[in-house]
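Enquirer: Chains as they are written, first to last, in our numbering: chain A, 390 to 755; chain B, 390 to 755; chain C, 390 to 755; chain D, 390 to 755.
Treat the hints as calculated values from the structure; they're not laboratory data.
It should be emphasised that the depicted structure is a prediction, and the values quoted were computed from it without experimental measurement.
Don't take every hint at face value.
Copies of one chain are not kept apart here, so a pair can be met inside one copy or by any two copies together.
As the list claims (entries may be wrong) - Capping the alpha-carbon separation at 30 Å, the derived lysine-lysine pairs in DSSO-like fashion look like this: (1) Lys476 / Lys580; (2) Lys714 / Lys580; (3) Lys714 / Lys421; (4) Lys549 / Lys476; (5) Lys549 / Lys534; (6) Lys549 / Lys442; (7) Lys476 / Lys442; (8) Lys442 / Lys463; (9) Lys534 / Lys442.
4 protein chains.
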Amino acid sequence: MGNSFGHLFRVTTFGESHGGGVGVVIDGCPPKLNIDVSEIQAELDRRRPGQSKISTPRKETDTCEILSGVFEGKTLGTPIAMLVRNKDTRPQDYSEMATTYRPSHADATYDAKYGLRNWQGGGRSSARETIGRVAAGAIAKKILKQVVGIEIVGYVKRIKDLEGIVDPETVNLEQVESNIVRCPDHECAPKMIELIEQIRNQGDSIGGVVECVARNVPKGLGSPVFDKLEADLAKGVMSLPASKGFEIGSGFAGTLLSGSEHNDEYYTDEQGTIRTVSNRSGGIQGGISNGENIILRVAFKPTATIRKEQRTVTREGEETMLAAKGRHDPCVLPRAVPMVEAMVALVMCDHLLRHQGQCGTLKPED
Amino acid sequence: MGNSFGHLFRVTTFGESHGGGVGVVIDGCPPKLNIDVSEIQAELDRRRPGQSKISTPRKETDTCEILSGVFEGKTLGTPIAMLVRNKDTRPQDYSEMATTYRPSHADATYDAKYGLRNWQGGGRSSARETIGRVAAGAIAKKILKQVVGIEIVGYVKRIKDLEGIVDPETVNLEQVESNIVRCPDHECAPKMIELIEQIRNQGDSIGGVVECVARNVPKGLGSPVFDKLEADLAKGVMSLPASKGFEIGSGFAGTLLSGSEHNDEYYTDEQGTIRTVSNRSGGIQGGISNGENIILRVAFKPTATIRKEQRTVTREGEETMLAAKGRHDPCVLPRAVPMVEAMVALVMCDHLLRHQGQCGTLKPED
Amino acid sequence: MGNSFGHLFRVTTFGESHGGGVGVVIDGCPPKLNIDVSEIQAELDRRRPGQSKISTPRKETDTCEILSGVFEGKTLGTPIAMLVRNKDTRPQDYSEMATTYRPSHADATYDAKYGLRNWQGGGRSSARETIGRVAAGAIAKKILKQVVGIEIVGYVKRIKDLEGIVDPETVNLEQVESNIVRCPDHECAPKMIELIEQIRNQGDSIGGVVECVARNVPKGLGSPVFDKLEADLAKGVMSLPASKGFEIGSGFAGTLLSGSEHNDEYYTDEQGTIRTVSNRSGGIQGGISNGENIILRVAFKPTATIRKEQRTVTREGEETMLAAKGRHDPCVLPRAVPMVEAMVALVMCDHLLRHQGQCGTLKPED
Amino acid sequence: MGNSFGHLFRVTTFGESHGGGVGVVIDGCPPKLNIDVSEIQAELDRRRPGQSKISTPRKETDTCEILSGVFEGKTLGTPIAMLVRNKDTRPQDYSEMATTYRPSHADATYDAKYGLRNWQGGGRSSARETIGRVAAGAIAKKILKQVVGIEIVGYVKRIKDLEGIVDPETVNLEQVESNIVRCPDHECAPKMIELIEQIRNQGDSIGGVVECVARNVPKGLGSPVFDKLEADLAKGVMSLPASKGFEIGSGFAGTLLSGSEHNDEYYTDEQGTIRTVSNRSGGIQGGISNGENIILRVAFKPTATIRKEQRTVTREGEETMLAAKGRHDPCVLPRAVPMVEAMVALVMCDHLLRHQGQCGTLKPED
């Protein structure tokens with residue numbers, strides 16, 4: 390249970406870190422969309438391990454095969470299944486984890502829930518699971534762009550206490566990809582990279598904050614009550630490994646303002662569109678998009694798997710010490726950027742189709 | 390769409406602020422549970438307007454009628470429908486809102502999405518919608534308590550910059566209910582109340598943070614991947630009106646620590662149970678409960694509807710000024726406490742039944 | 390579980406035969422649809438007990454109250470909750486059923502599943518549950534008619550071995566409602582009525598077949614694979630009380646033909662539309678509507694509750710005899726007609742919105 | 390949309406007849422179940438083409454690869470993905486179908502819905518899609534057998550007008566598999582085979598009826614109202630290609646009986662279990678299993694694709710004649726048997742987990 394996401398644009402991921410492979414099935418994709426596997430691969434390349442000196446050294450090309458749902462370069466409207474084989478697997482590196490729990494990792498809780506787990510490389514709890522999300526997100530992004538012009542840009546906002554200055558109104562993919570830490574503040578980025586390297590050399594890890602903006606969002610997406618747009622965005626990004634917090638618009642800082650300071654006053658722009666002067670709402674009011682940029686932030690904790698020795702227990706509850714082997718990122722933030730973008734795209738695409746389904750049917754004159 | 394929540398313990402709310410009433414249908418409640426309507430009413434009383442000098446003066450007893458699903462004091466396993474009639478309705482107070490949008494409220498986005506709205510008292514976007522959640526949450530709480538002993542306690546942690554000191558390990562309902570702001574820090578609570586009154590007198594509003602703890606949670610609840618326990622909790626509370634942020638365990642502050650500082654080391658306690666020394670994970674690892682207390686925080690913005698005059702537009706886009714009439718809370722926090730508890734209870738109860746469904750079937754010897 | 394139906398146009402029913410009432414919540418209804426409660430009441434009147442000399446004498450007006458989701462005569466896009474109170478309840482008539490199981494009724498299986506049941510009037514297994522379906526179906530019918538011109542007509546095709554001759558191409562509501570048995574064959578109908586009266590006088594019951602046609606169905610509704618249009622129609626009508634069989638198009642008789650006899654050959658009509666010469670497919674090919682009339686049949690068994698004495702057991706397993714008291718129909722067919730129409734409408738409306746959601750988004754030039 | 394089935398034991402199939410392959414993802418499988426790929430392959434071998442002289446000559450071994458969810462021979466509780474590659478593909482055989490619609494096939498409706506289709510071998514509407522169902526069904530069968538001892542046996546009951554005599558109480562897999570037409574009546578089977586060969590030689594096709602029994606079903610499975618066990622069974626089998634009708638228990642023939650003839654009277658057997666004397670209910674009353682054998686029948690039409698020349702149209706609506714090439718079965722019935730069994734197993738397994746989820750939680754003393 391729990392391996393599917395979305396209501397009309399519905400993705401189901403599968404796969405463990407070690408084993409046949411990981412992948413995704415998308416059900417509900419609109420037909421006749423032009424799909425080139427290279428577009429999907431480009432997103433996977435942003436996520437893949439071994440992409441830079443500050444990511445895990447595991448060597449995977451993460452080559453994506455489209456198994457179904459695309460014919461002569463176009464989506465069929467039928468399920469799109471995509472598969473990425475696991476190649477550079479080293480189960481022997483993880484043999485200690487078969488019996489010893491890594492602190493703050495999912496080893497112990499999987500055992501508690503299921504009574505067993507695939508301990509090789511973290512099994513299902515590995516961040517390799519997000520390959521399916523990123524592949525599906527690439528298609529969602531394309532739909533959003535093509536149908537309504539929505540563009541989604543994520544970036545590293547903060548590494549530990551190093552915070553970049555970024556303008557969400559204008560930041561673009563090229564700026565984000567211009568450095569390996571994916572922070573488009575060119576002064577801050579080198580310091581972040583240096584900090585990550587330093588921490589890795591200590592056998593330790595760090596966390597930070599990813600910010601993501603969706604621009605050109607039409608008014609009216611999202612549902613009131615439980616499936617508020619911000620609620621589904623929160624669920625989407627809080628389902629990513631290592632996430633600990635979520636903010637939309639003003640977030641926690643907004644609680645320090647009074648209503649008269651916080652409210653986004655309305656005006657009518659030159660095109661006659663109703664707009665807000667400020668955007669503390671983060672583009673969503675009452676769970677529905679208001680046409681302003683959607684801005685959210687996600688807190689990622691420091692990677693749980695570290696080389697430093699820690700106190701822990703075995704499956705049998707015997708106390709022991711663990712200095713984790715295996716390959717892992719000292720900081721998940723750079724690779725988390727495409728993951729956050731993917732989840733935002735999946736939520737937006739699902740709500741676009743849902744809106745079309747409920748509100749696109751009756752003719753204006755009805 | 391979007392008015393249902395949960396997978397096995399599934400609630401659907403209905404109703405607008407003004408009109409026949411608001412309510413909920415629960416589908417999937419276990420049978421043979423003892424239900425007394427007074428238990429549900431007690432929770433609704435914590436949520437209802439007019440409960441104290443710092444809440445909206447709208448006078449509603451919010452009397453709950455159980456329409457179905459309970460027979461001779463026991464749940465039947467069939468849908469439990471509950472209805473609360475709207476009584477103290479004053480549509481005339483809201484006539485200005487029929488044409489003028491309140492800043493940072495859902496007036497404009499509902500119009501954008503649906504092309505019309507019930508403008509009386511906020512219609513479906515009114516916090517009256519949460520009556521159904523709180524009524525359902527009362528039943529979820531009872532199941533959690535009875536089946537596995539889980540108890541859920543929420544409280545006001547912060548009002549603007551006034552932060553209370555509360556021990557989540559021990560705080561109880563009586564302490565929370567001992568003052569009208571629902572902050573169990575007896576020194577801080579009077580200051581919070583004073584601040585709220587002062588802000589209200591200025592025709593303004595304020596926000597803050599609710600913290601909530603779930604204790605006695607068994608290991609193994611939650612699903613990996615999309616339906617991680619923290620993801621569903623995030624969605625649940627971020628679907629409450631006025632919420633802007635969510636944290637589990639260490640939250641955003643956790644991003645300032647290194648992995649070796651942040652990780653929760655394991656030990657085995659005297660009963661032979663595997664435990665964690667610290668609880669920065671907030672009781673959840675890899676989306677699955679680890680048996681420690683689940684601790685989360687929700688940021689609520691200042692109430693959007695204020696008496697102070699603000700710049701806004703009409704439905705036709707004409708710019709105007711609005712000083713909102715109608716009755717509203719200067720600070721939603723005290724009444725948000727039972728709402729947060731309800732959403733946490735709904736998530737936990739759903740995952741309890743889901744876990745039982747997937748993992749409770751095969752016999753140990755299989 | 391299991392009290393909701395549909396994916397985008399989603400209905401949830403609640404209520405027992407005796408108790409506060411029965412009703413429905415519709416989530417996902419398109420906004421701005423004109424709704425008059427009298428239209429819904431008209432459908433409920435076709436379903437209500439006591440409507441004729443061949444139906445149960447229970448006296449219920451089944452008056453429908455719209456609790457939410459409609460404002461100034463238009464749907465809001467928010468949940469539409471409708472409630473019908475139970476009035477003419479006589480629990481004492483059913484006291485024997487508290488302990489004694491009616492053969493072929495749900496008394497024993499509810500006890501087996503839930504460990505208890507509301508034995509008054511059949512509780513949740515009463516056909517009163519279908520009030521919610523019929524009320525929701527009335528709205529679904531209106532959407533189908535208004536958006537794409539679909540009309541749905543059901544009628545009694547056969548009572549026991551008395552089969553009417555009806556032309557599904559032309560039959561209309563007036564013809565169906567012209568007699569109390571709802572068979573538009575004016576020669577056969579009086580014989581059917583006579584047979585039902587005769588059977589009732591014997592303390593016995595009979596069954597038969599309802600046929601239903603959906604006309605003006607656009608091409609392209611339905612999903613391949615699991616949610617084929619005929620699969621959802623089958624589920625919809627097989628979820629009605631007392632149904633034992635389902636056929637689409639040629640049905641079981643079609644298995645006696647060869648492929649060359651059974652296949653519906655194509656031609657192009659004068660408007661340039663691709664049509665089929667015959668319609669053994671019943672308007673659906675590969676799970677998707679082909680633009681021809683959708684024709685289906687449902688077998689309803691004889692009513693289980695009869696006055697004739699039968700061999701049975703008590704809750705404790707003691708063997709006994711039962712001659713059922715209480716009020717019941719000697720033949721469910723006449724009242725099943727609006728129920729079948731409602732389920733067909735709910736399926737069609739849901740698939741209309743789903744089609745719009747998935748396939749209505751990309752612009753033709755994409 | 391529409392490519393998933395089940396609520397707790399949820400399968401999603403993907404794939405077209407020609408292209409990378411077909412497969413399935415199962416989400417919600419209980420953990421720690423022993424799985425041997427040979428058990429799944431055995432079911433696929435019953436479904437695969439080319440298995441006998443009366444099936445399509447397409448040569449596929451349909452070799453199943455388990456991609457995820459199984460570790461060291463046991464299910465992990467995580468998604469089980471299974472893939473079967475397409476091997477013996479001959480797109481050129483279908484080139485005529487790129488432009489010409491086969492009567493009573495899904496060619497035209499896919500085009501109407503999606504605006505395009507994979508015309509090679511029927512694309513998604515090919516019966517190859519059922520590979521995923523049969524693979525998932527093999528696992529569902531194993532769970533049902535192991536947890537509660539349920540066994541599911543399907544067989545050909547009728548080919549055109551040749552009806553076999555089979556005792557559902559005792560029929561077993563060996564008897565079914567003892568001949569290539571899968572009719573355990575040894576006198577009738579050779580006649581059926583002869584008829585199929587004769588029809589194929591004429592370039593034509595025939596249909597018939599599959600019957601299926603589920604034995605050792607515990608009381609209490611199924612949900613009242615929409616998800617009645619017979620409703621979900623009806624949906625499951627009516628979603629199979631070429632199905633036109635469904636019956637549970639007495640089916641359409643039951644409508645010819647009076648209530649006193651049709652009702653299943655109760656008695657208490659020697660073990661003190663409440664049983665029914667007859668089983669016209671087909672093992673289900675009020676949507677819930679009563680502990681008797683579940684018996685259902687499915688009507689399958691004659692295969693639509695035939696060599697005989699038929700009148701049809703092209704995509705552009707031009708009238709033409711078609712004598713279909715490509716490889717196809719003259720009668721789907723023998724290969725439909727494992728498909729029906731699979732759908733019955735998927736429904737039963739899902740309801741088993743759902744029942745455990747809702748009703749398995751509260752302790753008896755509660």
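Enquirer: So, for every hint listed, does it hold in this structure?
Expert: Hints and how they fare:
Proximity of Lys476 and Lys580 under a CA criterion of 30 Å is satisfied in neither setting, with 33 Å inside one chain copy and 53 Å between copies. Only within a single protomer do Lys714 and Lys580 lie at most 30 Å apart by alpha-carbon distance; the minimum there is 27 Å, versus 52 Å between protomers. Proximity of Lys714 to Lys421 under the C-alpha cut-off of 30 Å is restricted to the inter-copy arrangement: shortest distance 27 Å between copies versus 47 Å within a copy. For the identical chains of this complex, Lys549 and Lys476 are neighbours neither inside a copy (32 Å) nor across copies (52 Å), given an alpha-carbon limit of 30 Å.
For a Cα distance limit of 30 Å, the shortest separation of Lys549 from Lys534 qualifies neither inside one copy, at 33 Å, nor across copies, at 39 Å. In this assembly of identical chains, Lys549 and Lys442 lie within 30 Å of each other by CA distance solely inside one copy; the values are 19 Å within and 43 Å between copies. When the C-alpha separation of Lys476 and Lys442 is checked against a cutoff of 30 Å, the pair qualifies only within one copy, where the shortest distance is 20 Å, while the shortest distance between copies is 42 Å. For the identical chains of this complex, Lys442 and Lys463 are neighbours neither inside a copy (37 Å) nor across copies (37 Å), given an alpha-carbon limit of 30 Å.
Taking the shortest alpha-carbon separations for Lys534 and Lys442, neither the intra-copy value of 32 Å nor the inter-copy value of 50 Å comes in at or below 30 Å.
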